[in-house]
Amino acid sequence: MSNQNQNTRSTEALFEPYTIGNLTLSSRVVMAPMTRGFSPNGVPGPNVAAYYRQRAENGVGLIITEGTLIDHPAATDNPNIPNFHGEAALNGWAEVVRQVHEAGGKIMPQIWHIGMTRPVGAEPNPEALPIGPSGLDLEGNLITKPMTIDEIKQVIQAYADAAANAKRIGFDGVEIHGAHGYLIDQFLWERTNQRTDEYGGDMLKRARFAIEVVKAVRQAVGPDFPVAIRLSQWKTTQYEAKLADTPEKLGQLLTALSDAGVDIFHCSTRRFWEPEFEGSELNFAGWAKKLTGKTVITVGSVGLDEVFTSLFTQGKGAGHKDIDELLNRLEKHEYDLVAVGRALLADPQWAAKVRDGRFDELEPFTPESLNTLV
8 MSNQNQNTRS TEALFEPYTI GNLTLSSRVV MAPMTRGFSP NGVPGPNVAA
58 YYRQRAENGV GLIITEGTLI DHPAATDNPN IPNFHGEAAL NGWAEVVRQV
108 HEAGGKIMPQ IWHIGMTRPV GAEPNPEALP IGPSGLDLEG NLITKPMTID
158 EIKQVIQAYA DAAANAKRIG FDGVEIHGAH GYLIDQFLWE RTNQRTDEYG
208 GDMLKRARFA IEVVKAVRQA VGPDFPVAIR LSQWKTTQYE AKLADTPEKL
258 GQLLTALSDA GVDIFHCSTR RFWEPEFEGS ELNFAGWAKK LTGKTVITVG
308 SVGLDEVFTS LFTQGKGAGH KDIDELLNRL EKHEYDLVAV GRALLADPQW
358 AAKVRDGRFD ELEPFTPESL NTLV
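With our numbering as the guide, the letters of the sequence shown map in order to residues 8 to 381.
Check each hint, because a few of them may be wrong.
Here are the simulated SDA-like pairs of lysine to any residue, each with C-alpha atoms no more than 25 angstroms apart in a straight line [unchecked claim]:
1) Lys339 to Trp280
2) Lys160 to Asp270
3) Lys256 to Glu219
4) Lys152 to Thr244
5) Lys301 to Trp280
6) Lys174 to Asn87
7) Lys152 to Lys174
8) Lys222 to Asp168
Distance windows between CB atoms, simulated [as the list claims (entries may be wrong)]:
9) Thr253 to Gly52: 43 to 51 angstroms
10) Asp209 to Pro282: 23 to 31 angstroms
11) Thr26 to Gly208: 33 to 41 angstroms
12) Asp331 to Glu370: 17 to 25 angstroms
13) Arg277 to Thr373: 14 to 22 angstroms
14) Glu19 to Glu94: 40 to 48 angstroms
15) Gln226 to Ile156: 17 to 25 angstroms
16) Met41 to Glu102: 16 to 24 angstroms
17) Met41 to Lys174: 19 to 27 angstroms
18) Lys222 to Met41: 25 to 33 angstroms
19) Lys297 to Glu146: 28 to 36 angstroms
20) Gly208 to Pro47: 37 to 45 angstroms
21) Glu146 to Asp209: 21 to 29 angstroms
Think of the hints as simulated: they come from the structure by calculation, not from any bench.
Glycine included, every Cβ here is placed at the ideal spot set by N, Cα and C.
Using the sequences plus the hints, can you model the full thing?
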């Protein structure tokens, strides 16, 4: 890490306010959604509220919560993942919102269904079979039957209900999880979506489920409530996967989602500095900005030296990477907001320390960081 360079380089661009419609953020730093699993029986408690509040107190402009579960029995495989339905869970989330707002922050829930990544027989509802467009897992193995049209409509309504609850209890927007090989992404990806009806076929037909989710969410929250969607090319365990292998194909998808009501594209990559397509230095978020003109969030190993998988396959931690390139791209308006994941998980004061030039005080991420909610 080049501390000397970081100590002289201005980080002002990261800490300028940013406005999306009626929502103004105090900085460009976003807390990326990260599954933690500290909500027993799906209910976030005071420790979860304190966890998010700490980031709001220390320079994070927008918090996107860990994935929270829509109301469907097969939405998860872990009873400690927080629900976004039911009185107890929603009361817990209302307290999270109160704490974050009291600290001067803004917060959105990420609403989520894991689809075919749920193992058969998993808790908390072992009788519920996993669901997906064609009943295929990410390796293409047939696990269960394809979703029926009625099941599709029920799940779309569950997303809409979750979004309506987010607005009702005081969140500042809502993010739909459409990335990483989970349910919405399983409809988008041709390997897992082999349907021959209106929800399968070419890119736009495979996008129909996502489009209908966005439209239902937009209808549930009205025109002025920010709606984000997180997208990725890569999938969990399928790092070389591609939804779109050309800018033209990506543009088809993003334009359709934008027209359906998306305000913010959260573009998940494993390394933010890598170009998305040959012939251009633009990353995924940069292409989303160019193709739609909408607000975009970049993410991917921000502030870290080690790549995504080495932490777990080799048991390594990660120091803090020089952020010059991140700032250069932000200053050139390649993207609008920067999501920070593991660096912010390890150090709740990451944003404040970067803002103040205290790089030598940054706490490194280690696998042990995942074991506690700090």
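A quick look at each hint next to the structure:
{"no.": "1", "hint": "Lys339 to Trp280", "verdict": "holds, 14 angstroms"}
{"no.": "2", "hint": "Lys160 to Asp270", "verdict": "holds, 23 angstroms"}
{"no.": "3", "hint": "Lys256 to Glu219", "verdict": "holds, 19 angstroms"}
{"no.": "4", "hint": "Lys152 to Thr244", "verdict": "holds, 23 angstroms"}
{"no.": "5", "hint": "Lys301 to Trp280", "verdict": "holds, 20 angstroms"}
{"no.": "6", "hint": "Lys174 to Asn87", "verdict": "holds, 24 angstroms"}
{"no.": "7", "hint": "Lys152 to Lys174", "verdict": "violated, 34 angstroms"}
{"no.": "8", "hint": "Lys222 to Asp168", "verdict": "holds, 12 angstroms"}
{"no.": "9", "hint": "Thr253 to Gly52: 43 to 51 angstroms", "verdict": "holds, 46 angstroms"}
{"no.": "10", "hint": "Asp209 to Pro282: 23 to 31 angstroms", "verdict": "holds, 25 angstroms"}
{"no.": "11", "hint": "Thr26 to Gly208: 33 to 41 angstroms", "verdict": "holds, 39 angstroms"}
{"no.": "12", "hint": "Asp331 to Glu370: 17 to 25 angstroms", "verdict": "holds, 21 angstroms"}
{"no.": "13", "hint": "Arg277 to Thr373: 14 to 22 angstroms", "verdict": "holds, 19 angstroms"}
{"no.": "14", "hint": "Glu19 to Glu94: 40 to 48 angstroms", "verdict": "holds, 44 angstroms"}
{"no.": "15", "hint": "Gln226 to Ile156: 17 to 25 angstroms", "verdict": "holds, 19 angstroms"}
{"no.": "16", "hint": "Met41 to Glu102: 16 to 24 angstroms", "verdict": "holds, 20 angstroms"}
{"no.": "17", "hint": "Met41 to Lys174: 19 to 27 angstroms", "verdict": "holds, 23 angstroms"}
{"no.": "18", "hint": "Lys222 to Met41: 25 to 33 angstroms", "verdict": "holds, 28 angstroms"}
{"no.": "19", "hint": "Lys297 to Glu146: 28 to 36 angstroms", "verdict": "holds, 33 angstroms"}
{"no.": "20", "hint": "Gly208 to Pro47: 37 to 45 angstroms", "verdict": "holds, 42 angstroms"}
{"no.": "21", "hint": "Glu146 to Asp209: 21 to 29 angstroms", "verdict": "holds, 23 angstroms"}
Violated hint: 7 only; the structure is consistent with all others.
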